[in-house]
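*Asks:* Chains as they are written, first to last, in my numbering: chain A, 2 to 207; chain B, 2 to 207.
Worth flagging that the hints you see were computed from the coordinates, not collected in a lab.
Owing to the predicted nature of the structure, the values given are computational and were not obtained by experimental measurement.
Do not rely on the hints blindly, as some may be mistaken.
To be verified - Pair by pair, the computed Cβ-Cβ distance ranges are:
| no. | chain 1 | residue 1 | chain 2 | residue 2 | range |
| --- | --- | --- | --- | --- | --- |
| 1 | A | ARG195 | B | PRO149 | 30 to 40 Å |
| 2 | A | GLY178 | B | THR40 | 31 to 41 Å |
| 3 | A | GLU27 | B | GLN150 | 50 to 60 Å |
| 4 | B | GLY183 | A | GLU21 | 48 to 58 Å |
| 5 | B | ALA187 | A | ASP74 | 32 to 42 Å |
| 6 | A | THR179 | B | ASN93 | 25 to 35 Å |
| 7 | B | ALA73 | A | GLU27 | 44 to 54 Å |
| 8 | B | ARG26 | A | ARG6 | 52 to 62 Å |
| 9 | A | PRO149 | B | PRO101 | 22 to 32 Å |
| 10 | B | ALA192 | A | LEU69 | 21 to 31 Å |
Think of the CB as a built atom: it goes at the ideal place given N, C-alpha and C, for glycine as much as any other residue.
Number of protein chains: 2
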Amino acid sequence: MLQTRLLETAIEQFGMHGFEGASTREIARASGTAMSSITYHFGSKEGLYLACADYIATRIRERHAPALDLVADLSGIDREAAVEHCLTIIDNFAVIMIDPESANWARFIMREQHSPTEAFERLYHGVMKDMIDGFSALLGRACPDLAPQELRALSMLAFGQALVLRAARASVCRALGTDNLGEEEARLLRARIRVNSLAILTGGNA
Amino acid sequence: MLQTRLLETAIEQFGMHGFEGASTREIARASGTAMSSITYHFGSKEGLYLACADYIATRIRERHAPALDLVADLSGIDREAAVEHCLTIIDNFAVIMIDPESANWARFIMREQHSPTEAFERLYHGVMKDMIDGFSALLGRACPDLAPQELRALSMLAFGQALVLRAARASVCRALGTDNLGEEEARLLRARIRVNSLAILTGGNA
DNA sequence: GTCTATACTACGATAGAC
DNA sequence: GTCTATCGTAGTATAGAC
Chain A
2 MLQTRLLETA
12 IEQFGMHGFE
22 GASTREIARA
32 SGTAMSSITY
42 HFGSKEGLYL
52 ACADYIATRI
62 RERHAPALDL
72 VADLSGIDRE
82 AAVEHCLTII
92 DNFAVIMIDP
102 ESANWARFIM
112 REQHSPTEAF
122 ERLYHGVMKD
132 MIDGFSALLG
142 RACPDLAPQE
152 LRALSMLAFG
162 QALVLRAARA
172 SVCRALGTDN
182 LGEEEARLLR
192 ARIRVNSLAI
202 LTGGNA
Chain B
2 MLQTRLLETA
12 IEQFGMHGFE
22 GASTREIARA
32 SGTAMSSITY
42 HFGSKEGLYL
52 ACADYIATRI
62 RERHAPALDL
72 VADLSGIDRE
82 AAVEHCLTII
92 DNFAVIMIDP
102 ESANWARFIM
112 REQHSPTEAF
122 ERLYHGVMKD
132 MIDGFSALLG
142 RACPDLAPQE
152 LRALSMLAFG
162 QALVLRAARA
172 SVCRALGTDN
182 LGEEEARLLR
192 ARIRVNSLAI
202 LTGGNA
């Protein structure tokens, strides 16, 4: 599919060089087609950029489907199970942050986090909102004494532990004395995230 | 100082639009000078970019001087004091991540985290290395049972909690239902980070 | 040291053949 | 639906006046 090939190349290029820095000529060339195909299929460079946001949201939603199902129905879940579900979701997120595959669209999203455009709206309402809302609700079962606003803050901080593995990847690698995050490093990091998260959920905020 | 004015404008522009996206013309114009001044003072666009990295490293080092002093001499520090110092440093970092002033150079650094260039070397050896090494050593006093590699992993994860406030700023704001992180949100977030960090240091990893 | 003027390249968009 | 050709604009770098 030409459109898909263009989208995946574009996400890579937009992530690597930014919106202004990426060139439609190069995106087309790397996709094995002519630049005017972008105009034809997406209207303009900006149209392509927004289509990338939708594409990313869909892909993430697919990948997080198990986690979203986990929080879909909270009725009759006890506190211990809620804690365990939280740990699973955070670990799930950590795996994605470690995975090299997340590099391309992570950079795309990071850029939007700093100065959001229409593309951020599509990402947020396409997948982020449901993840944050769902996780906060689940967290409420694990930490029943926290106010709603505190739960939302805690959600973001908990994700932050895993996010750093992508957002500050180069520093993490340096700190661990490695070139990239292989299986050994992944095991170490996920284990620590689990221990930390358990302490947060059962110690400090219980 | 013309050079300083150019550097600060450049950091803003490089952060906002990326290396390729930022234009030397615009940087010069916003600094109130001609574009050829950049060539004269920094050699080229790339020279300006690298000079920005050095400038950022120096600025951060200034700002983190109290924290770096804190970890300079660990002799005769007891465990309780080490925990308290860790909490102070993490809070210090959180304040910087919340501060709007960090936005410009944070974007610059984030870009380098994803695909490091020579500029990352200058940032890392200019300030990051000392911060990570120092904090890991301090953490070793707070959590004496952890192996050195685990301490380094834990350091990065602990910073991650604060980093998310800058790296995923737009999502954090949405989650908290606010347009920006004001005093009220800052108080809430810092309090939670402190509680979480205390739980991590004394509960899960003690 | 800072300016103007200019050479050269690459960009996004569009028109029109097929 | 995909291509080639081309237009107008904006980029970096450089040369040379002052």
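*Asks:* For which of the previously enumerated hints does the structure constitute a violation, in increasing order of number?
*Replies:* 1, 3, 4 and 8
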